[in-house]
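Asks: Note that the protein sequences, when read in sequence, are chains A and B. Read in order, the letters of the first sequence are residues 0 to 449 in numbering that gives the first Met the number 0. Read in order, the letters of the second sequence are residues 0 to 449 in numbering that gives the first Met the number 0.
A couple of the hints might just be wrong.
Pairs count within a copy or across copies, as identical chains cannot be separated in the list.
[To be verified] Pairs of lysine to any residue, SDA-like flavour, derived with a Cα cap of 20 Å:
| hint | residue 1 | residue 2 |
| --- | --- | --- |
| 1 | Lys-165 | Asp-187 |
| 2 | Lys-416 | Glu-215 |
| 3 | Lys-119 | Glu-86 |
| 4 | Lys-353 | Ser-271 |
| 5 | Lys-356 | Asp-270 |
| 6 | Lys-73 | Leu-400 |
| 7 | Lys-165 | Ala-191 |
| 8 | Lys-11 | Val-74 |
Derived by calculation from the structure, the hints in this document are not laboratory data.
2 protein chains.
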Amino acid sequence: MDIRAAAEMIGKREFALLKTELREMMPADIAELLTELYRSEENFGEKDLSLLFRILPKDTAADVFTFLDTDLQKVLINAFSESELREVLDDLFLDDTVDIIEEMPANVVSRILKAADPQKRRQINELLNYPEDSAGSIMTTEFVYFKDDDTVSECMARIRSVGLVKETVYTCYVTRRRRLVGTISLLDLLVADKTEQVGSIMDTSFVSVHVHDDQEDVSRLAARHDLAAVPVVDDENRIVGIITFDDVMDVMADESAEDIAKMGAVAPQEDSYFETSVWSHVKSRIGWLLVLMISATLTGFITNRFEAQIAAVPLLVAFMPMLTDTGGNCGSQSAAMVIQGMALDEIVTGDFFKVIKKELAISLICAAILAAVNFTRIMLFYHNIMIATVVSLTLICTVVLSKLIGASLPMLAKRLKQDPAVMSAPLLSTVVDSLSTLIYFTIATRLLRL
Amino acid sequence: MDIRAAAEMIGKREFALLKTELREMMPADIAELLTELYRSEENFGEKDLSLLFRILPKDTAADVFTFLDTDLQKVLINAFSESELREVLDDLFLDDTVDIIEEMPANVVSRILKAADPQKRRQINELLNYPEDSAGSIMTTEFVYFKDDDTVSECMARIRSVGLVKETVYTCYVTRRRRLVGTISLLDLLVADKTEQVGSIMDTSFVSVHVHDDQEDVSRLAARHDLAAVPVVDDENRIVGIITFDDVMDVMADESAEDIAKMGAVAPQEDSYFETSVWSHVKSRIGWLLVLMISATLTGFITNRFEAQIAAVPLLVAFMPMLTDTGGNCGSQSAAMVIQGMALDEIVTGDFFKVIKKELAISLICAAILAAVNFTRIMLFYHNIMIATVVSLTLICTVVLSKLIGASLPMLAKRLKQDPAVMSAPLLSTVVDSLSTLIYFTIATRLLRL
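So here's chain A without its partners, still in its complex pose (with noise of 0.2 Å):
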């Protein structure tokens, strides 16, 4: 169903029919068309809204409400009762309404906060203070685990009567003297004798995060093993949380685009594009821009030393800009190799020098090619071979140099505990444009006898 169908359908009191539209659809699927007819011209206002969502199956209606952005959210919230907000909580997760919380104004937070029941409140409060981006803050309370000496059909008992409510049972947790021991899939529970203890048939080979561990590393470590729920643990061992595979999948997407914005010197935002302010937006740019446009003028106070040689001849300036632009492309295509490689585990630290050598060989024939062409390009259109053999020159020099630099400053950003995509293509700039200048120059002044 689409926007125009709905809207028609909502503008002829047509709910019946919704209501069978709506059923065939996925939750995120009606979130999107409920955020459309909200964003629509035609205005429908939070009663239209909040009529919609009140005609969702039970359990669909927190699934959508998760799936809405915070304003939706906001309005909906507004438009509930006591007794529609309690029902809505009931079905959410705890981690999803620690996430809602998060972006909510005060006055929202206390109507949600006293409409959960006192434990649900306490959990809440729990999850509020682990630090952002930790493991802590995007774990859920809700799983399901045994004591090493219950049995399996204790356990299955356990997982009818609890599992509806919990978000997932399909690998559950084994403990001893509250310890983390061990873990148990549903499939191998099913099989199993039903009088053996889980302790005895628990997999122990498993791996845990702690709550303060970064979001990121958990979602490397999921990725890893393959996992579908990362158990959390606190100092002692116990275990306090659970992250599954849709949460490690939005942090995948998030830090994915974390690092296109920091390789485009971006300072990282919280909200989305369109929600974020103009003003906001500035500021996570204009710091970098500064700093980079400061820093270039370095190149110009370069280039003010050989004036007299700029002077006689122009012709030189010409090639600047081909030459600071090849040494900054070779540079980010060097940096980009080196980063995606560390991301993707295969480059570590102590690879450094086979970097290195391995780059230096790549970039000595690069520059070659790229010196050859250029040398045929300038005797074709100048026919100046004093020109063409400094050009050519420094673009050897160039080609190398910035290949090693923009290979080396991720590695060097991440052995200073930075990330690596900081060190990005801009900064590298900045440093080559700076030196290839330096280099041209002196190789003409030599050459040309300025």
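Mind docking chain B on chain A? Use the hints.
Replies: Chain B in isolation, oriented as in the chain A frame:
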């Protein structure tokens, strides 16, 4: 257990102890240990490694095998007897088997196919025929499905009997006359009435992908709907396979690395950084370098036209790098934000004018700040109000123009069904360089009356 401890135990032939230690380790970590031993100075040969592999618990061995590098997989396959090879293959999921086969030389492939039973061989051959990066190429054919008139107890019996050899049983598929009509989770089966028909309790709101859909679309769909497995159907809507969350995570990691490479103007590569030869590295980089070098000469031609002005005021050259760099940086910031927004589905191509409006506002503020700082700096260092005015005016035009171009290029690419990341920083900087140079000398000529 680290490599040193393992090497010592192998040296002392303490295999019982080694076996106990290995039992506590995750398959991916065992694979890393094997790889480190294989690559270490002490040169553990195929004999030691295949010995180590043989003492692994049978169900772990196949898992470990999937995590190994192609090189080491080849070494082990060569060391295996026919029956050992068959044992490992029996425990591998079909999609993993196909991944391995795709990287092997012909003689190894024929050994693997011979070792597989006829039904498996047929399925492998089918999977091998799907186009690269299609849903069919990453799916597995090992899934559990029921007919819609099967009862819950029939379904549970089926899961118990075939569960352990299927990649996941936690979501099962319901068919009617071989068409996919619904899904049902193991948990729902577990809590349902045993005599109920599965067709009456199945979930009819589900998504599926076509065998020829792109793997990136599949991974986005799985992440969007938080799916642990995505069913794959053929033209007739018959279910032919499933793609599980672990493969989705792999695709996400690969695509994110590919985006970084593209933003760095490197053509994507199949193998890891060190496995790729110097020549292949050169080939994946030299194309863009040549294109960008040649196009950068456009800026050269523009400066050529202003040779007289440069000879008259050589100081003008000093500000060229700062102007072109700042333009490039502004452009790549906007490009990064738009690429990121499109990757997260926050920006669609229909938002073109909304984006342009927002970028215009952002760029005007950034331009004002940068121009003010720059004007002050030039006045302090050079005490030349005319030059300061020319440079600052150019800066304003450049910043605004490059932000608009930077935001437009990725959206244009998307509209032309190209990858937005390819319209990357390097291509952008070439365009911005020539534009800013042209603006600079035009303004300078007018204002300085050159």
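Asks: A separate judgement is required for each hint: does it hold in the structure or not?
Replies: Quick rundown of the hints versus the structure:
1. In the homo-oligomer, the alpha carbons of Lys-165 and Asp-187 lie at most 20 Å apart both inside one protomer (19 Å) and across protomers (13 Å), since each shortest distance falls under that limit.
2. In this assembly of identical chains, Lys-416 and Glu-215 lie within 20 Å of each other by CA distance solely inside one copy; the values are 14 Å within and 31 Å between copies.
3. Taking CA atoms no more than 20 Å apart as the test, Lys-119 paired with Glu-86 passes inside one copy only; the shortest distance there is 13 Å, against 49 Å between copies.
4. When the C-alpha separation of Lys-353 and Ser-271 is checked against a cutoff of 20 Å, the pair qualifies only between copies, where the shortest distance is 14 Å, while the shortest distance within a copy is 40 Å.
5. In the homo-oligomer, the alpha carbons of Lys-356 and Asp-270 lie at most 20 Å apart only across protomers (18 Å), although the nearest pairing inside one protomer, at 42 Å, exceeds that limit.
6. Taking CA atoms no more than 20 Å apart as the test, Lys-73 paired with Leu-400 passes in neither setting, with 54 Å inside one copy and 37 Å between copies.
7. For the identical chains of this complex, Lys-165 and Ala-191 are inter-copy neighbours only, at 17 Å across copies versus 22 Å inside a copy, given an alpha-carbon limit of 20 Å.
8. With identical chains, the CA atoms of Lys-11 and Val-74 are never at most 20 Å apart, being 23 Å at best within one copy and 70 Å at best between copies.
When held up to the earlier numbered hints, the structure conflicts with 6, 8 and fits the remainder.
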